[in-house]
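Residue numbers (my numbering), protein chains in the order written: chain U, 10 to 236; chain W, 10 to 236.
Be aware that one or more of the hints could be misleading.
For identical chains, the list gives no copy identity; a pair is met inside one copy or between any two copies.
[Claimed, not checked] SDA-like cross-link-like pairs, simulated, lysine to any residue; straight-line CA separation at most 25 Å:
{"no.": "1", "residue 1": "K172", "residue 2": "E35"}
{"no.": "2", "residue 1": "K93", "residue 2": "V28"}
{"no.": "3", "residue 1": "K63", "residue 2": "G134"}
{"no.": "4", "residue 1": "K138", "residue 2": "A176"}
{"no.": "5", "residue 1": "K63", "residue 2": "V232"}
If you are wondering where the hints come from, they were derived from the structure by calculation, not from laboratory data.
2 protein chains.
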Amino acid sequence: MTDNVLEQSSPNVPPSEEVWVRRASERASYDADAVNEVVDSAVVAHVGTVRDGKPVVIPMFVVRDGDHLLLHGAPAAGVIRRGKGVDVCVTMTLLDGLVLARSGFHHSLNYRSAVVIGVAEPVEGEVEKEQALELFMERLVPTRQADLRPTTEKEIRGTGVLKVSLAQASVKVRSGPPVDDEEDYEHGMWAGVVPVTTTFGEPEADPRLNDGIELPANVRAIVGRVL
Amino acid sequence: MTDNVLEQSSPNVPPSEEVWVRRASERASYDADAVNEVVDSAVVAHVGTVRDGKPVVIPMFVVRDGDHLLLHGAPAAGVIRRGKGVDVCVTMTLLDGLVLARSGFHHSLNYRSAVVIGVAEPVEGEVEKEQALELFMERLVPTRQADLRPTTEKEIRGTGVLKVSLAQASVKVRSGPPVDDEEDYEHGMWAGVVPVTTTFGEPEADPRLNDGIELPANVRAIVGRVL
């Protein structure tokens, strides 16, 4: 394949050579809706940086703010300290199933994965950072922010948030049943998919919760939700 | 903190400065059992490499082989092609819960995360690679390999496996209820943890499955299992 691939008027053209998915490209998409869907399902992103020429990958809490990713951490955390105009690769993966085929070779995983390449910039203005923190809260429990005491200036300063554009992003998805060699379909072997689901379960109250405090409706509302 | 930290006879001393968890170090461990427990719970690892000086993070199927990680991919995939003695950072994260505190600031996530720093080497011998592939199958469905037709030489050549030592690994775990500022415990706010669980669900037969083939006991056995 040549660079010309990037210039075709296909509905599925990578925005740059850097983000181009070369391997199993029939599973890839660069469509913003497809990217957003995966990002919005993820809670944890794996954030890659380069330190002394070597790769470092750490998990961070992620939320989408329009056409950007926001990444949450402590200001002292390495990636936040290094995060002033630093190259990052942010990858989010949702595992959806074990694909059990009729041969070992065609076993696979069903998944949704988004890879975002960009430059991480710290969110620094107090108002902008407070809005970012509210998006993280909204991701955990919609409307919970309104129930909490106001966040102090010190707390806002004490939290690091990085911002990465979603302009350079790709999505890869595998779904559906196994794809076997034609001659193997006659084997008397069970084949199919074992779904993998990640769900929010029954809330566990803090042992130090004061008597008489009921589980609020906004927390109850997320129970059973699937990522 | 100084490098002397690395030389203390603490039970929780990082094996090198590279793998030393500086941030929230009270949550970190370098103990092999703790590392193995996280690795054995993970199915997908996020594998970081450096390409043209920039970070690249891709998800790969992971399994543990004693004191090494094995990573599965197609031979043509970038990280496998680059994987001959290449520096990698392999991170595996299990999300365990949303930690809902009494202030926005103390909200958090419960998780188990392992970070492995090392050099990825391809598994090349045919026997060694076949054994590696059997470990991946055992990870999906224990004992299923015995039910399948033998893997062909061509299929073995058509699969890439990377090996990374677990010698340089750290684990970070957050668990339990929120930790709030002492004065906030009097607030009338519900606080606690919403557990997040990832489970294997009810198998979905391949639409092309021949009539009369029942779900085997070894697949049935993993249904309901929690990662």
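Hints, one by one, checked against the model:
{"no.": "1", "hint": "K172 <-> E35", "in the structure": "neither (30 Å within a copy, 28 Å between copies)"}
{"no.": "2", "hint": "K93 <-> V28", "in the structure": "both (22 Å within a copy, 23 Å between copies)"}
{"no.": "3", "hint": "K63 <-> G134", "in the structure": "neither (31 Å within a copy, 28 Å between copies)"}
{"no.": "4", "hint": "K138 <-> A176", "in the structure": "within (21 Å within a copy, 39 Å between copies)"}
{"no.": "5", "hint": "K63 <-> V232", "in the structure": "neither (40 Å within a copy, 39 Å between copies)"}
Consistency note: the structure conflicts with the earlier hints numbered 1, 3, 5.
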